[in-house]
Structure formats: structure tokens, C-alpha cells
Amino acid sequence: MAGLISDPNARGELFSAYLDGELTPDELTLVGELLDGDEESVAQFRALRSVRRAVRLVPELEVPAALLPDGHLGDLLSAYLDGELAVFEHRRVTDHLVHCQDCRDDLHELDRARIAVRSLPGADATMTTEIPAIPQPRRRRRFVVSGIAAAAAALVLVVMTTGGGDDPVFTLDDLATRHVARASAEPGFAILPAGLEVSSP
Amino acid sequence: MANEFTPTWEEVAHRYGRKIYNFAYRLTGNPDDAADLVQEVLLRVRKGLSSYRPGSFEGWLWRITRNAFLDGVRKKQRRPESALPEGDHHALGSSPSPDDVLTSVRLSDDVQAALLKLPYDFREAVVLCDVVGLTYDEIAEATDVPVGTVRSRIHRGRKLLRGMLTWPV
Chain F
1 MAGLISDPNA RGELFSAYLD GELTPDELTL VGELLDGDEE SVAQFRALRS VRRAVRLVPE
61 LEVPAALLPD GHLGDLLSAY LDGELAVFEH RRVTDHLVHC QDCRDDLHEL DRARIAVRSL
121 PGADATMTTE IPAIPQPRRR RRFVVSGIAA AAAALVLVVM TTGGGDDPVF TLDDLATRHV
181 ARASAEPGFA ILPAGLEVSS P
Chain P
1 MANEFTPTWE EVAHRYGRKI YNFAYRLTGN PDDAADLVQE VLLRVRKGLS SYRPGSFEGW
61 LWRITRNAFL DGVRKKQRRP ESALPEGDHH ALGSSPSPDD VLTSVRLSDD VQAALLKLPY
121 DFREAVVLCD VVGLTYDEIA EATDVPVGTV RSRIHRGRKL LRGMLTWPV
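Those sequence lines, one after another, are chains F and P. At position 190 of the first sequence (counting the first as 1) the number is 190 in this note's numbering, and the numbers step up by one without a gap. At position 3 of the second sequence (counting the first as 1) the number is 3 in this note's numbering, and the numbers step up by one without a gap.
Rather than coming from a laboratory, the hints here were simulated on the basis of the structure. We treat Cβ as the ideally placed atom computed from N, Cα and C, and that holds for glycine. Be a bit skeptical, because a hint or two may be false.
[Stated by the list, open to error] So the derived label-pair ranges between C-beta atoms look like this:
(1) P:His14 to F:Ala116: 34 to 42 Å
(2) F:Ala116 to P:Lys47: 38 to 46 Å
(3) F:Asp7 to P:Pro119: 18 to 26 Å
(4) P:Thr149 to F:Arg49: 54 to 62 Å
(5) P:Asp109 to F:Ser78: 32 to 40 Å
(6) F:Leu35 to P:Lys47: 46 to 54 Å
(7) F:Val117 to P:Pro54: 36 to 44 Å
(8) F:Ser119 to P:Lys47: 34 to 42 Å
(9) F:Pro64 to P:Ala113: 16 to 24 Å
Use the sequences and the hints to build the structure in full.
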């Protein structure tokens with residue numbers, strides 16, 4: 001036992017474990033004896049205690065809400081519509097949309113805005129993809145829009161915009177169809193959960 | 001046996017997401033790496049929950065977390081950078097007293113910088129103990145080493161930290 005007490009590292013381990021409440025009853029007794037009048041031990045104990053306290057006082061950071069299931073999707077929604085999400089992000093978005101009406105409504109609004117912009121004269125996909133001189137930014141995930149998919153999207157747009165004055169209640173299946181058409185065959189890409197409706201604005 | 005004690009993926013995310021984030025942040029000093037780890041761990045938890053059998057959930061979860069972290073480090077083929085974090089402006093004011101708050105604000109950057117200088121095994125043990133709040137047994141299970149090794153690593157980590165930090169005892 002004397003060897004254990006005289007070894008600074010072993011003594012320090014005891015003090016450290018004592019601070020963490022990890023000692024056996026016998027070790028606890030030993031620590032009590034060490035700290036009873038031995039100045040070197042007391043100084044070592046205080047030093048370890050101050051370090052432990054400093055680390056524990058470092059403020060805990062808040063995890064970004066978007067990483068958690070109930071955090072609303074925010075920027076992910078636009079990237080989702082554009083087929084620009086990584087696989088794990090896509091899964092998180094679809095999971096969240098199942099139970100979050102607010103984000104489904106946001107998705108609906110974003111999609112309407114997106115369609116409106118894309119329907120501006122001279123902004124069709126065929127023209128822009130045929131201008132090779134314009135350098136495209138390097139994107140993390142790039143999906144190819146086929147002519148058929150573009151035509152399908154245009155058809156959906158026509159159907160949507162000619163449906164009359166009342167705002168339609170359409171399902172996420174509609175969005176998913178267009179989304180997947182745009183996103184092509186990205187490995188791991190999944191279709192939205194079926195049967196979910198967004199509310200009319 | 002029914003999985004009545006197995007939490008759902010959403011419960012895991014809410015209960016442990018912040019701890020996982022802080023674990024990674026304190027190990028790397030990098031908020032992006034921390035966010036990546038949270039996503040990766042939650043993905044692995046989601047995949048693994050169906051095969052999880054009720055038992056030491058903490059040990060299971062933190063083993064996944066640690067493995068995901070180390071896999072991420074290997075993928076990037078770099079060691080955690082020693083750069084300081086930008087600051088603790090996202091920090092929550094959870095300290096118990098005003099004095100403690102002031103102390104923590106002043107010291108947190110120093111402590112973070114010192115943590116990043118520790119050898120990985122020591123840093124991991126200290127962070128799991130003092131940031132995450134695991135017991136020695138849980139750390140041993142998560143890191144797959146004996147409890148005695150955990151105890152030694154925590155002490156040696158704190159001893160090295162003490163040498164790097166300069167405030168008066």
C-alpha cells in the first residue's frame with residue numbers, strides 16, 4: 001500500500017477516480033488518509049479537481065435543430081425539390097414530411113415559387129443546357145434532366161397552371177413524381193411517402 | 001423478448017443528439033465535423049435499432065458513435081485539426097452561477113485548445129467522462145478497453161491538461 005501511495009501517478013488516478021465517484025470503499029478510505037495532512041497529496045488533488053471542473057464548465061453546445069427529427073427542414077426543402085440532397089439527407093426530409101404539416105406547407109409554397117420562376121419566358125431547361133459557354137458551378141450532386149423528364153415536368157406544370165382559379169389540394173405524390181423525374185436515378189434515391197396531402201394555402 | 005425498452009430513432013435523436021454533437025465538437029473543435037457525426041450516428045442508429053436487443057443502450061450507442069467518429073477521421077485521412085473553434089457563441093448558458101459562467105467563458109477556448117493537444121485516447125476518455133458524462137464502465141464498453149485503462153487514461157489526460165492550462169489552482 002505504501003508503494004501505491006508514493007507513486008504520483010497511482011495517487012493521481014485515485015484522486016481522479018475519487019472526483020468521478022468511481023472508487024471502491026477501500027480506495028475511498030485510502031484517499032481520505034492521503035488527503036488528511038499530506039500537503040503534496042492535497043495539492044495534487046486540487047490541481048486535478050480544477051482541471052476536471054474547467055472541462056465540465058465548458059458550455060454545452062446546442063446541436064443544430066435541422067439535424068434532429070423535429071427540427072424543421074428549412075434550406076433542405078429547396079435542395080430537396082432540386083434533387084440536391086445526399087441520400088441520408090433525403091431520407092431525413094421524407095421522414096420529417098410524414099409528420100410535419102408545417103414543412104409540407106412550406107414545401108408546397110416553395111414548389112409553387114420554383115415553378116413560377118421556371119415558367120418565366122426564356123428560362124426553359126433545354127435552352128440553358130445547350131449553352132456550353134456558360135461555366136456551371138461545381139455542385140456536390142448533379143442530376144441530369146433528360147428531355148423526357150423535362151417534358152414530363154412541363155406537362156405537370158401545364159396541368160397545375162390550367163387547373164382553374166381554385167388552389168388545388170395536391171398530394172406529395174405529385175411532388176415526388178416531379179422530384180424523381182428531375183432527380184433521375186441517383187443511387188439510394190427514394191420516393192416520398194405516399195398519400196400525404198399538403199394543405200391549401 | 002419484446003423491444004419495449006428500445007427507444008425509437010426519434011427518441012435517440014432527441015435524447016442524445018446534443019451529447020453526440022458535443023462529443024464530436026470537443027474532439028475535433030470543428031462544428032461541421034460535429035454535424036456530420038450526428039447525421040452519421042443517427043443513420044447508423046436507425047439501421048441498427050431493429051437488431052438492437054435491450055441491454056446497455058448507452059454502451060451500444062457510444063460504441064456506434066465512437067466507431068462513426070473514427071471512420072470519419074479515417075475517411076478524411078487527417079487527424080483532427082488543432083485550430084481553435086470560432087467561439088462558443090452557440091453555447092447554452094447552463095452553468096449554475098454567474099461566477100461559473102464567467103469562468104467558463106474565459107476558459108472554454110483555452111480548454112478546447114488544450115483538449116485538442118491531448119493524444120486521442122486520453123482526449124476521448126476525458127471528453128466521454130467530463131463532457132458526455134459517462135461512467136467509467138460505460139466508457140470502457142464504448143471504447144472496448146478495461147475499466148482500469150479508462151481510469152488511467154482519464155487521469156493522464158487531466159494531468160496533461162493541467163500542464164497546458166495556466167490558471168491558478
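Here's how the hints hold up against the structure:
{"no.": "1", "hint": "P:His14 to F:Ala116: 34 to 42 Å", "verdict": "holds (37 Å)"}
{"no.": "2", "hint": "F:Ala116 to P:Lys47: 38 to 46 Å", "verdict": "holds (39 Å)"}
{"no.": "3", "hint": "F:Asp7 to P:Pro119: 18 to 26 Å", "verdict": "holds (21 Å)"}
{"no.": "4", "hint": "P:Thr149 to F:Arg49: 54 to 62 Å", "verdict": "violated (22 Å)"}
{"no.": "5", "hint": "P:Asp109 to F:Ser78: 32 to 40 Å", "verdict": "holds (35 Å)"}
{"no.": "6", "hint": "F:Leu35 to P:Lys47: 46 to 54 Å", "verdict": "holds (49 Å)"}
{"no.": "7", "hint": "F:Val117 to P:Pro54: 36 to 44 Å", "verdict": "violated (51 Å)"}
{"no.": "8", "hint": "F:Ser119 to P:Lys47: 34 to 42 Å", "verdict": "holds (41 Å)"}
{"no.": "9", "hint": "F:Pro64 to P:Ala113: 16 to 24 Å", "verdict": "holds (23 Å)"}
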